[in-house]
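Enquirer: Produce the entire structure from the sequences given, and follow the hints as far as they go.
Number of protein chains: 4
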Amino acid sequence: MNKTIKICMIGAGRVGKNHSRTLNCFVPGSEIVAIVDPVTEFLLATADEFGIPNRYSSLEEALGKCEFDAVVITTPTPTHRDLAITAANHGKHVFLEKPMALNLKECDDITHGAKSAGVHLQLGFMRRFSPEFVAAYSRIQAGEIGEIMMVKSLTNGPGLPPAWARDLATSNGMLAEVNSHDWDSVRWLMGSNYQRVFTEVANFKGKANNVDTPHFYDNAIVNIKFESGGLGSISGICPCGYGYDARVEVYGSLGIMQIGQMQGQAVVVCTNRDQGLVSPIFRTWPERFANGYIFEMQHFINCIKTDTEPSVGGFDGRWAVAGVLAATKSMLENRPITLDEILK
Amino acid sequence: MNKTIKICMIGAGRVGKNHSRTLNCFVPGSEIVAIVDPVTEFLLATADEFGIPNRYSSLEEALGKCEFDAVVITTPTPTHRDLAITAANHGKHVFLEKPMALNLKECDDITHGAKSAGVHLQLGFMRRFSPEFVAAYSRIQAGEIGEIMMVKSLTNGPGLPPAWARDLATSNGMLAEVNSHDWDSVRWLMGSNYQRVFTEVANFKGKANNVDTPHFYDNAIVNIKFESGGLGSISGICPCGYGYDARVEVYGSLGIMQIGQMQGQAVVVCTNRDQGLVSPIFRTWPERFANGYIFEMQHFINCIKTDTEPSVGGFDGRWAVAGVLAATKSMLENRPITLDEILK
Amino acid sequence: MNKTIKICMIGAGRVGKNHSRTLNCFVPGSEIVAIVDPVTEFLLATADEFGIPNRYSSLEEALGKCEFDAVVITTPTPTHRDLAITAANHGKHVFLEKPMALNLKECDDITHGAKSAGVHLQLGFMRRFSPEFVAAYSRIQAGEIGEIMMVKSLTNGPGLPPAWARDLATSNGMLAEVNSHDWDSVRWLMGSNYQRVFTEVANFKGKANNVDTPHFYDNAIVNIKFESGGLGSISGICPCGYGYDARVEVYGSLGIMQIGQMQGQAVVVCTNRDQGLVSPIFRTWPERFANGYIFEMQHFINCIKTDTEPSVGGFDGRWAVAGVLAATKSMLENRPITLDEILK
Amino acid sequence: MNKTIKICMIGAGRVGKNHSRTLNCFVPGSEIVAIVDPVTEFLLATADEFGIPNRYSSLEEALGKCEFDAVVITTPTPTHRDLAITAANHGKHVFLEKPMALNLKECDDITHGAKSAGVHLQLGFMRRFSPEFVAAYSRIQAGEIGEIMMVKSLTNGPGLPPAWARDLATSNGMLAEVNSHDWDSVRWLMGSNYQRVFTEVANFKGKANNVDTPHFYDNAIVNIKFESGGLGSISGICPCGYGYDARVEVYGSLGIMQIGQMQGQAVVVCTNRDQGLVSPIFRTWPERFANGYIFEMQHFINCIKTDTEPSVGGFDGRWAVAGVLAATKSMLENRPITLDEILK
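Chains as they are written, first to last, in the numbering used here: chain A, 1 to 344; chain B, 1 to 344; chain C, 1 to 344; chain D, 1 to 344.
Calculated from the structure, these hints are not laboratory results.
These numbers come from a predicted model, not from an experiment.
If a hint is listed, it holds; no wrong ones were tucked in.
Taking lysine-lysine pairs in the DSS-like style, the calculated list, with each CA pair at most 25 angstroms apart, reads:
| id | chain 1 | residue 1 | chain 2 | residue 2 |
| --- | --- | --- | --- | --- |
| 1 | D | Lys115 | D | Lys344 |
| 2 | C | Lys6 | C | Lys115 |
| 3 | A | Lys6 | A | Lys17 |
| 4 | A | Lys3 | B | Lys305 |
| 5 | D | Lys3 | C | Lys17 |
| 6 | C | Lys3 | D | Lys17 |
| 7 | A | Lys17 | B | Lys305 |
| 8 | A | Lys6 | B | Lys305 |
| 9 | B | Lys344 | B | Lys115 |
| 10 | B | Lys17 | A | Lys305 |
| 11 | D | Lys3 | C | Lys6 |
| 12 | B | Lys6 | A | Lys6 |
| 13 | A | Lys3 | B | Lys3 |
| 14 | D | Lys6 | C | Lys6 |
Expert: See below:
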């Protein structure tokens, strides 16, 4: 099937812009024909920036007035379930950003909705398509570092998340909005599901940022025990200020593997010997995972064209949500939480 | 102009494959409609691999039977002049690989041919589009490291070049075929033309590779004095075996800037403490400059669409050839050569 | 006081050898005049290797037959209390290896013993003297990365610890024997004491190593909450096989600081482009902290000469033991442990 | 022989201070008993700083009034010949800083003087004792990177050398005073002598520094052809401002080896994502080669104690001077110079 895949972008914010740029500039065979956002100002700005011809205030409107093959959902988490199901029910393939949804019930609804409608559902875990993660996973699978004993993953983001993203009523907070990728990465690389988690959090910058959301935290470390017996650690700081930092270390019975680094472009400068060597850091997630975003979108388009199941879908999205729920419960109750308590 | 730019790929070898992959996978708005190669076996293999519908044994045949907007010339250097001029005369825009041609007369013919025909001519100096080089150039221009005093550039390639590429009768040898990029980079970053060069070469692997070409060398270092008074150094080793290594160091009155590195993917492994830490090296030039190839092709397509002069063209290609000719003369005559002797 | 400080080395094993080499080769103003070990074979081998003239099977024998100013205690943890107190009671200054002792009572006995005798007591936390840790601490103190929010410290050692060091009856296991340095480092760098810890452990290599010690683990991660509100993480793997890996990351309100690296000597080699770049890793702790061992011993000698209190002593040793006890209790009881439960 | 070796330090300037600190702090078995400098202010300051009891304005005075075993000569190059010969004639072992002397005749006088007197002569090529150079040399000798084809060595120093060090009448300039180490390193690592050199120099900062010395240059690149057929490059910038930068790259038939790096302490910080990662650079030569200075002094002391010939002596010092003389002649005459012209 060589026809161009027509996309409706849902959400005109930062993530929507990033995927629009990626599709426009690096994904031949796709075309963003429509964009949806209830906020007219954002809608028009993003549509103009990326030359998207059709602009709508709701998915329903888009479905009624425009033809397309797939949606890319980049809106806040609480909207995911309904948007995904609506799109699926109209026969549109669904690319869905993380976190998949607010709870396991919503995750199940989405997965069931896509399956019933016979459309493809891909979750936005772009790290699985980032070349260094792909290579690392493949080398781990090949046994290069032996049996996996420990996986540590960190994601620190530069800025304060929006209000909805730190309120437990509308989101599961930083562990969901920022660390979803870590939840997916450690499970994927360990090759085993979480069994027990314990969370410590801290709030260092909330006051200065006038955040009075209950349970707000900007630092978190989660200890994980996997079903395999392996250990894991996820940590996050947001806002960390210093850049977008996403690194993983995997320890196997035969050795260590480090995935990712802080350094961005290979340019090293020194103009002051009292300061020292200076090299770029990844400033933002679009920079850090530029290739991951390209390859996940190429995968999505290719899965549609070849009618193939995406390699990362609702099952993975649901597990990440389960981890987040357990870790949040641990934070609230100050005790280790087994996944049984969440999955039951 | 939003129409798709139709390309005829000339040359089905390694470079032709690389540009075909780049255009197909990462350059929306372009389409390779034809490919030309006199060797049927290569022609069909590459055409099949990249789904190119029309296959021809000569540019003339392609021009007669197929419609396209531009050519990408990837054939051996001695063919460049005639192919470029023929394409230009038929109104096709020309993307021309380095080295531009065998001598300055041929370079002038090509530049004049493109200008007369009113088509765009872009030279294949992809480093100028590689993000770390782009950033470095911009920071140098902004004065970050002051006045440029010294530039060193090296390119070492893994394998033995083909026979035509090491015979002075059909090519200017390694300094042209491998180090053309260094010639362009040092001139670009220094912001000044070469004034004098001195070359030392060595032949360490010729015998083992059964190379009996006269004047064959596989190691070279060229000292350069620029018109600005600055100093430069270009070195090359081919075959070096250990990877594709392309790095530049620039020294300004205010400090140092290193551009590029040997390390490829950000994956570090240790499974043996007697061996130590192991990380990927760039194995080949398509790996090392993957982004450079994408962005130079996007630039070419965009220049055609917007009728803009490409940022790197015949003038730059001619200077690189002049440097190579001076350095080769220095090698043959064992003395420093001023560019006056070449440009007169 | 310019006289040479006379040392009695207690313990002729790996640590005793390391300190003997350090004192002999890099610490002018000191002289090892005696060595003590109950195992004659080790005693003579080490004494011969380092030219130590007087050899004894017990500290008591040494005290009776030889004159010296100080002892360096490098024997297994269960012997620390009695050796340290005996030496102090005879007016000898005490350099005591970590872990300080098996429990807080023993720690208190040692501190009290040294104080009563008026001798100096220095704990073997050499990281506090390792140049990169010294610089990091000083820069943190100067506020360079702001208020400290999170500290992560890991130590992975290549080989299986001896039997006594993994039995809870004679040692507090890996968290004590290997990770004592991490306990000290995170408290020192955070500038706050531990408040609560939670431990996960795993046993991946015990079986293959024929270890049947109860509660044996070779992988551990400890979550820490500090009194300051800051978070911490300590992890250890032993035997990890791949080298001696000790690294710390500190996150402050203004940024990140990484202390230490895996790479040893600045020699990078590539001879195989399929393998990639290879550089040395620190193979062992004597390699990794060579400078730390020199400077801690110079500090000890200098404190004796100038009658100055060592910068790291019993107070710090006791806190590291308290952390280990809490973390071990957490492991045994599968729940977070507050330090109150240990310190009460 | 276990007696303490008594040293007379000749020269109370930067190099004299550096060796005094090294001997005092890290070389058991040695003692600086006297120091010589004609400038009383420097003499007393350095003597006080390092607790050196006997201070003299001339070597002759020291020889008459004080007993010692060896001298460490750190004075300007023009004084080397007479000081070394005088010391040797009085039976003192000689540690002599680079460059060995101003010309080959002086070098021969020194070597002959030491040999006649039966004393040991060690040249101050501390890189041969720096652990990463030692390891690299040993690995090259073991054949790890095959036959050596190319060696590049650079030394850039932060500050302007003193007036005597840039005047061809009293010194051979930067190529001698700063790059002597490179001359020694490339010859040592290549395992072959220089056959031909060609030099380009530039003067970028002389005017701003009010330097009107004839032939002054602050940037230089030298191309080298070795007797083995291998190629080499030496470059220097002084003052470079940005730190003390000394790195070598060696290319063999089997691969590449990089020796040394710019990064100093393993501390990486980021507090500003627009600036990026910052890590220390070696600021000065005492920092960069701290270990090299320790081990070369330990070697010298040990050679005296065991009556062993130092591993680097007059023969090596003479070759470095020959290289400098050839490169300087090339600069003055704008042509490649064969070593025959210098050695005849």
